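Student: Each chain, written out:
Number of protein chains: 2
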Amino acid sequence: MPERLALGFDIGGTKIAAGVVDEDGRVLARRGTETPSTDPMAVLDAISTITEELRSDHHVRAIGIGAAGFVDATGSTVLFSPHLAWRNEPLRDAVARRTRLPVLVDNDANASGWAEWRFGAAQNEPDLVLITLGTGIGGAVVIDGQPYRGRYGLAGEFGHMQVVPDGLPCECGNRGCWEQYASGRVLTRRGREAAASGTELGRRLLDAVGGDPEAVTGRQVTAAAEGGDEEAVAWLADVGDWLGVGIAGLAAALDPGVVVIGGGVSDAGELLLGPAREAFSRTLTGRGYRTEARIVRAHLGPEAGLVGAADMARLTARRRRQASPGARVRVRAAGRSGRSPRRRR
Amino acid sequence: MPERLALGFDIGGTKIAAGVVDEDGRVLARRGTETPSTDPMAVLDAISTITEELRSDHHVRAIGIGAAGFVDATGSTVLFSPHLAWRNEPLRDAVARRTRLPVLVDNDANASGWAEWRFGAAQNEPDLVLITLGTGIGGAVVIDGQPYRGRYGLAGEFGHMQVVPDGLPCECGNRGCWEQYASGRVLTRRGREAAASGTELGRRLLDAVGGDPEAVTGRQVTAAAEGGDEEAVAWLADVGDWLGVGIAGLAAALDPGVVVIGGGVSDAGELLLGPAREAFSRTLTGRGYRTEARIVRAHLGPEAGLVGAADMARLTARRRRQASPGARVRVRAAGRSGRSPRRRR
Numbered sequence: 001m002p003e004r005l006a007l008g009f010d011i012g013g014t015k016i017a018a019g020v021v022d023e024d025g026r027v028l029a030r031r032g033t034e035t036p037s038t039d040p041m042a043v044l045d046a047i048s049t050i051t052e053e054l055r056s057d058h059h060v061r062a063i064g065i066g067a068a069g070f071v072d073a074t075g076s077t078v079l080f081s082p083h084l085a086w087r088n089e090p091l092r093d094a095v096a097r098r099t100r101l102p103v104l105v106d107n108d109a110n111a112s113g114w115a116e117w118r119f120g121a122a123q124n125e126p127d128l129v130l131i132t133l134g135t136g137i138g139g140a141v142v143i144d145g146q147p148y149r150g151r152y153g154l155a156g157e158f159g160h161m162q163v164v165p166d167g168l169p170c171e172c173g174n175r176g177c178w179e180q181y182a183s184g185r186v187l188t189r190r191g192r193e194a195a196a197s198g199t200e201l202g203r204r205l206l207d208a209v210g211g212d213p214e215a216v217t218g219r220q221v222t223a224a225a226e227g228g229d230e231e232a233v234a235w236l237a238d239v240g241d242w243l244g245v246g247i248a249g250l251a252a253a254l255d256p257g258v259v260v261i262g263g264g265v266s267d268a269g270e271l272l273l274g275p276a277r278e279a280f281s282r283t284l285t286g287r288g289y290r291t292e293a294r295i296v297r298a299h300l301g302p303e304a305g306l307v308g309a310a311d312m313a314r315l316t317a318r319r320r321r322q323a324s325p326g327a328r329v330r331v332r333a334a335g336r337s338g339r340s341p342r343r344r345r
Numbered sequence: 001m002p003e004r005l006a007l008g009f010d011i012g013g014t015k016i017a018a019g020v021v022d023e024d025g026r027v028l029a030r031r032g033t034e035t036p037s038t039d040p041m042a043v044l045d046a047i048s049t050i051t052e053e054l055r056s057d058h059h060v061r062a063i064g065i066g067a068a069g070f071v072d073a074t075g076s077t078v079l080f081s082p083h084l085a086w087r088n089e090p091l092r093d094a095v096a097r098r099t100r101l102p103v104l105v106d107n108d109a110n111a112s113g114w115a116e117w118r119f120g121a122a123q124n125e126p127d128l129v130l131i132t133l134g135t136g137i138g139g140a141v142v143i144d145g146q147p148y149r150g151r152y153g154l155a156g157e158f159g160h161m162q163v164v165p166d167g168l169p170c171e172c173g174n175r176g177c178w179e180q181y182a183s184g185r186v187l188t189r190r191g192r193e194a195a196a197s198g199t200e201l202g203r204r205l206l207d208a209v210g211g212d213p214e215a216v217t218g219r220q221v222t223a224a225a226e227g228g229d230e231e232a233v234a235w236l237a238d239v240g241d242w243l244g245v246g247i248a249g250l251a252a253a254l255d256p257g258v259v260v261i262g263g264g265v266s267d268a269g270e271l272l273l274g275p276a277r278e279a280f281s282r283t284l285t286g287r288g289y290r291t292e293a294r295i296v297r298a299h300l301g302p303e304a305g306l307v308g309a310a311d312m313a314r315l316t317a318r319r320r321r322q323a324s325p326g327a328r329v330r331v332r333a334a335g336r337s338g339r340s341p342r343r344r345r
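Protein chains in written order, with full-length UniProt numbering: chain X, 1 to 345; chain Z, 1 to 345.
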């Protein structure tokens, strides 16, 4: 039997990453381009072009798209994307028409969560809570081997839970959202302030980016912390502390076995996760009378989104083939590798 | 075929309520007693006594127990109860030994959530988030027709999500827990303060309880608000506001179709739910691009816990009978009324 391959896309605010993914989550070929963020039609063109390129060498059976935005519960429409021009964009059907392949669209964090559950940090767990730390905080939930998307597809937006009444303003229009305290933007904000005001760490960060304070991001802060800078270490610990308290809140509500931390900020590793675990254990309700969730770093890195999107699309297309009247064989629900990400409705 | 009856218990910090419940969630007979809260053996005796009494007139097939405490994921052991003397109490087996009936133990809020999903406010929904407002805040989640209990059985403890950093101290050992701001204790606290300091509302509350400030509870505050007292109305609106903001956070994470508000404080009806809906719509992330959860009052009142516990026990016992080798007929998964609350692991 030929390998079952699917094409995965991760469509972010600045970049489109794509890859051909096999049944074991391996990426066999890659493509990438910048996101034409102001023009939905141009995004569609980019997806089509990459698909045709990768199809010429690989027999792909489905396309999965993880998109930075709100995706409806049927996996067809991007309702809204803060960084892209999509508003009620019927992406699934548009891509399917162009490519003549079955297409699945999901939120990018859901795609990453699925990948970590299938092939990564939560491989042997029934459930997973994923928290992706980038400029903001995204999230995903897998329950009993199924992606949990909520009633209308928008579950997992952990970054917009309020943690400080009348706190820092958030792009979403609220104040005090968790992502204002526990994401990469905190490091970027502090780094730029330090660079502008000329502290010792600030000068170090400026040197690292060639002199423009606005070029400083969390990445340089993490590098400084890894180099032993105490102030940078303290900043990461502070973000980790907010992270741990927030995870304790999620654990009060969801009681997961494992919480996987992904996204670029998780590259800081123990400098972030150590303080997060400490704050979690300090603030988890019922501590001492319960088994606590493990807090672990994601395994799959930045390709998790495209791997998860491809895998969900492959499994969903397979399930549809099996369920269709023309299918010759009905395969019984198999073990883990055969589990298919049913949409719950 | 004889009616399929089960016995439901709701074991709280002060009262034990029990009832014989039929397949449609009707309570056919009732018993109640005070909870012997310091002695686990005495609780067991009370359960046995009530069971024998109710069995003499009704052919019950199973016992369901909703307990105010942390119940493990297998439904056998009360890990910890803040108001009772249970610590790792193997309640299921103890009751089963005494009564020779199949027994299911769950958290009391989970039992109420199941009842509201089966027979109450969320009858036609695939999912449910229940928030019970009493002295504290309890909660339950039903996903795709199954109670969601989390990895270790402790999901739904919404009241202990932190909403104010370094906020009011909570009995759980943390500070700033949601239940310190959005539960009945806020009304009780304010009512007692007003009673002690002799404000107009305070005098009114004192009159209602016969002169002892410590006898004032949220119930009198709600009565005053219903009578048109502006200060009491404002207190309920404030609790409703905190409630709505917290629900917006839960909706960011879980995106439920419906949020059911139960518990004694929900008796305030629109005086509480109006402000809650307003705060929810004001602070829900992505508002304007999504379908918002409906926030509705629970339908089943204080008997929800015993009804839900009985129903879960009845369905679980039936499923076990059907799955056992001696069962003559295997019944296919049926419609809603036949759904059984599978434990997810």
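If you're looking for bench data, these hints aren't it; they were derived computationally from the structure.
Model, not experiment: these values are computed from the prediction.
Using N, Cα and C, we set each Cβ at its ideal position, and we do this for glycine too.
There may be inaccurate statements among the hints.
[Said to hold, decoys possible] Among the chain X residues that face chain Z by a calculated CB cut under 8 Å, a handful are:
hint: 1; residue: 150
hint: 2; residue: 151
hint: 3; residue: 156
hint: 4; residue: 158
hint: 5; residue: 168
hint: 6; residue: 223
hint: 7; residue: 241
hint: 8; residue: 289
hint: 9; residue: 296
Student: Each of the hints needs a verdict: does it hold here or not?
Tutor: Going through the hints against the structure:
1. 150: Where the cut-off is 8 Å and the nearest Cβ of chain Z is about 3 Å from residue 150 of chain X, the hint holds.
2. 151: With a minimum Cβ separation of about 4 Å from chain Z (threshold 8 Å), the hint on residue 151 of chain X holds.
3. 156: Since the shortest Cβ distance to chain Z is 7 Å, the answer is holds.
4. 158: holds, 6 Å
5. 168: Result: violated, 12 Å to nearest chain Z Cβ.
6. 223: Violated: closest Cβ of chain Z sits about 29 Å from residue 223 of chain X, beyond 8 Å.
7. 241: For residue 241 of chain X, the interface hint is violated, since the closest Cβ of chain Z sits about 10 Å away, which is over 8 Å.
8. 289: Since the shortest Cβ distance to chain Z is 4 Å, the answer is holds.
9. 296: Result: violated, 14 Å to nearest chain Z Cβ.
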